[in-house]
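Residue-level listing of the chains:
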Amino acid sequence: MARLTASVYTSHVPAIGVAVDTGRTDEPYWRPLFDGYETSKAWIREHTPDVIVLVYNDHATSFSLDLIPTFAIGTAAHYPVADEGWGPRPVPDVAGHPELSAHIAQSVIMDDFDLTIVNRLAVDHGLTVPLTLMFGQPDQWPCAVIPVAVNVVQYPAPSGRRCFRLGQAIRRAIDSYDDPIDIQIWGTGGMSHQLQGPRAGLINSEFDHAFIDRLVADPARLADMPHIDYVREAGSEAIELVMWLIARGAMSDVVHADRAPTVRHRFYHVPASNTAVGHLVLEEPT
Amino acid sequence: MGLDKPYLDVPGTIVFDADQSRLGYHLNQFCMSLMDAANRDRFRSDEAAYLAEWDMTDEQRRAVLDRDMNRMIELGGNIYFLAKIGATDGRSFQQMAGSMTGMSEDEYRAMMVEGGRPIDGNRHLAEWDDDGTS
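The listed protein sequences correspond, in order, to chains R and X.
Read in order, the letters of the first sequence correspond to residues 1 to 286 in this note's numbering.
Read in order, the letters of the second sequence correspond to residues 1 to 134 in this note's numbering.
This is chain R alone, in the form it adopts within the complex (with noise of 0.2 Å):
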């Protein structure tokens, strides 16, 4: 049987790949935030997945105006990086895994979600950049990554209670994967941010530190937080935190109490660029 084993959160923002992939990690600017993922770089390496569920949003990137889904699952074999108007990074092509993708999708899809079904997908630094802060530069990915894209760019997003609940649902199918396999979830964006308008650089640290408390013990309150709470007290941009919420909702102890995963790593830095980053590592209990 596969096994969820753990859930990471991060965000995902561009200019951290740009450091990353020019070589300026090192710079007094950038050096706390790398720092702050060395804990989690180490763990995983000894953690290292078959597959890991990435769940991001695409940036205007694969998903125009001419279609919106507002969750879709990658099913192909394989994923190329992007070129979202700057160059593609210069990191590997995302190996997929279309077996488990296939049956998560059907699973899901019985399970009532209306998930959009991706068989050509470019990923763009939504899902790069966790993957380069997790594993650093390699030759080529460690594992498969299955792309679950959530439409957070046209208002409205999925509702966070949604978002919560295709988290279970996306943990049902995973339980029912007969393949002897260990996956992870993932859920990346955020934290506090705006990108528009004259409120441009809003960060709230306090909305953040909250949000990661409640994330780790409260997920199933959280996930009733409306829109307008993100929106008003995080920023316009900040309603990618949603997706954290897909990855929380696969952890055992939402569905048994007893059995609540390990906080592994805890990391918050401000600023990347225009960005709050923050960083959880939860552990499923053995």
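By construction, these hints were calculated from the structure, which means they are not laboratory data.
Some hints could be false.
[What the hints assert, rightly or not] Taking CB as the label site, the calculated pair distances span: (1) 46(X) with 83(R): 20 to 26 Å; (2) 45(R) with 46(X): 49 to 55 Å; (3) 24(R) with 3(X): 31 to 37 Å; (4) 286(R) with 17(X): 41 to 47 Å; (5) 176(R) with 71(X): 47 to 53 Å; (6) 44(X) with 45(R): 41 to 47 Å; (7) 42(X) with 48(R): 41 to 47 Å; (8) 8(X) with 39(R): 38 to 44 Å.
[Unchecked claim] Among chain R residues calculated to face chain X with C-beta under 10 Å, some are: (9) 60; (10) 64; (11) 82; (12) 87; (13) 109; (14) 110; (15) 154; (16) 206; (17) 207; (18) 209; (19) 233; (20) 234.
Remember, predicted model here, so these are calculated numbers, not experimental data.
Cβ atoms here follow ideal geometry from the backbone N, Cα and C, with glycine treated the same way.
Since chain R is already given, all that's left is putting chain X on it; use the hints.
Only chain X this time, still in chain R's reference frame:
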């Protein structure tokens, strides 16, 4: 009874909802076209001619030519799409975001390093002066 849109009360912010998306469809699709290097070259060589190929309003074309980010957003642009113009111009997200705040690039960068724009005083329209500043 219409839809509840409490985000209209957030100052200095235009949420990219379905209304904005409808206004900005062609503007944003023009931006998408700049993902292609050949299109970037064509745009750079004659911006007005390239814009004329798109079913945009004259106001939208003017805002693009002026690189007036706030105006583009008012007219239905979304930052992730508009970023393609920034990429074409060789500008970062931080430069683009900062350009919308009335601050200089250095001032904006310094504000971010100091922890960003604070939330207090920036939650509701009523907290901002009539001239649109906090």
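Query raised in the report: Honestly, which of those hints from before does the structure not fit?
Result: 3, 13, 14, 18
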